[in-house]
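Undergrad: Single-letter residue listing:
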Amino acid sequence: MNADEWQILGFTLRTAALALLLILPPGVALGWLLARRSWPGKTLIETLAALPLVLPPVATGFVLLRLFGRRGPLGAPLHERLGLDVVFTWRGVVVAMAVMSLPLLVRASRVAFEGVETRLEDVARTLGAGELRVLATITLPLAARGLLGGALLALAHALGEFGATIIVAGNIPGRTTTLALAIFQRIQLGEDGAALRLMAAAVVVAFAAVWLGEVLLRRGGPAA
Amino acid sequence: MRLELAGIRLPLQPFTLEVEATLQAAASGICGPSGAGKTSLLELIAGLRRPAAGRVALDGEVLTDIRNDTARGTFLPARHRRIGYVPQDGALFPHLSVRGNLLYGRRDGDVPAAVVEVLGLGALLDRGIRQLSGGERRRVALGRALAAGPRLLLLDEPLSGLDGALRERVLGHLRMVRDELGVPMLYVSHDLTEVAALCSELLVIERGRVVAFGPAADLLVPQPGFALRRAP
Chain U
1 MNADEWQILG FTLRTAALAL LLILPPGVAL GWLLARRSWP GKTLIETLAA LPLVLPPVAT
61 GFVLLRLFGR RGPLGAPLHE RLGLDVVFTW RGVVVAMAVM SLPLLVRASR VAFEGVETRL
121 EDVARTLGAG ELRVLATITL PLAARGLLGG ALLALAHALG EFGATIIVAG NIPGRTTTLA
181 LAIFQRIQLG EDGAALRLMA AAVVVAFAAV WLGEVLLRRG GPAA
Chain R
1001 MRLELAGIRL PLQPFTLEVE ATLQAAASGI CGPSGAGKTS LLELIAGLRR PAAGRVALDG
1061 EVLTDIRNDT ARGTFLPARH RRIGYVPQDG ALFPHLSVRG NLLYGRRDGD VPAAVVEVLG
1121 LGALLDRGIR QLSGGERRRV ALGRALAAGP RLLLLDEPLS GLDGALRERV LGHLRMVRDE
1181 LGVPMLYVSH DLTEVAALCS ELLVIERGRV VAFGPAADLL VPQPGFALRR AP
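Quick note, the sequences are listed as chains U and R, same order.
Per this note's numbering: the first sequence ends with 224, consecutive numbering throughout.
Per this note's numbering: the second sequence ends with 1232, consecutive numbering throughout.
A portion of the hints provided could be inaccurate.
Some chain R residues flagged as far from chain U (calculated, every beta-carbon gap over 10 Å) [claimed, not checked]: (1) E1043; (2) L1048; (3) P1077; (4) A1078; (5) R1079; (6) G1084; (7) A1091; (8) H1095; (9) A1148; (10) S1160; (11) R1178; (12) D1191; (13) P1215; (14) R1229.
For the chain R half of the interface with chain U, some residues (derived, Cβ under 10 Å), not all of them [what the hints assert, rightly or not]: (15) Y1085; (16) P1087; (17) D1089; (18) F1093; (19) Y1104; (20) G1105; (21) A1145; (22) P1150; (23) L1181.
Don't read these hints as lab results, they were simulated from the structure.
Glycine included, each C-beta is placed from N, C-alpha and C at the ideal position.
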């Protein structure tokens, strides 16, 4: 691989990792709320959170473009107050990856929390534990493998994200080009050798993440 | 020990649990067929379920006092009740060792020596939960509840699923808890022989209603095994 290709691989890994960090707290919290609490609008939020999984990625990208454009409801205040641009920058790549991966993380978190017996949490309460201690010492440790598996699947999904990224961040060499975008571009240009090298890098990274995720999910729920 | 259950109403499917009784024995049995509402009653006393109405008081302290389907009233959370609860299969924390389980409810210090001795847990302390037999799991679950220093112990079918010899051993440990550690207990079971061996007071529930309440000696008829004396 040449220097450009290494840069693309490094950029993709960094943005995907950042996207995962961004969605980890809200994704896990939402998974817990869906698994453990009843609240008005729960089904609506659950459906909204799953939408990016079923919508065409370019449609999600278009929504993000409107939201984060300089005149968009989120993009305008970011630009005017903080001087931050999202669209056609690395931030756009992170946002697209984050939104497209969130449904996987929420779903895996919900399943992981549902797999923890509520009786164990109840017993912890009778032993004097408050809600935070129950969460920290019983729920999270027992859901940990499922959560980790979900996080790795979300990361793998972010690494391969294409449709939303190209709409929100474009394909600017050295600035917003990810592995998926670069492979697409090389194929378009007939540079099959370069496309194959990048594809091999993508396969290795994605395989490692998905495989680890599957192993962890399979050992998954809390042991009896 | 004096546990008052007054005007308790807890809607369940397909009936409403309604209880009125004051339990005072060192060991009281709660009997009834499966699905009668026994476990729900224990959870209600432990503070894990909120009744639609009713009052629960332990040695004069009001734990729950809710009147006529209002959301208001007194409801002391489970963590402040100091009531030990041992669910049917023990519900041990699988990611902690035996020692970790026993220490969970302790604010400081080590596992109380008396608990280790009475329940014979010394050799098990550093084992993982998966390495324990059925009987050992029950003893550890009992020890975990006792180590937290409860003023009342709620036991839900602690001998279910154990074979004859093991039942006798665990029953022996329960007698020692009652007599040597002096912790009062509510013992839920559908097996009258177990109840007769341990409890001096008996509350019988069927489909959410109390059908008999009084001294065990008055309510149980010794046969080969035991039967309930029915009102004429």
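Undergrad: Could you work out which of the previously given hints the structure breaks and list their numbers from low to high?
TA: 1, 2, 3, 4, 5, 6, 7, 8, 9 and 23
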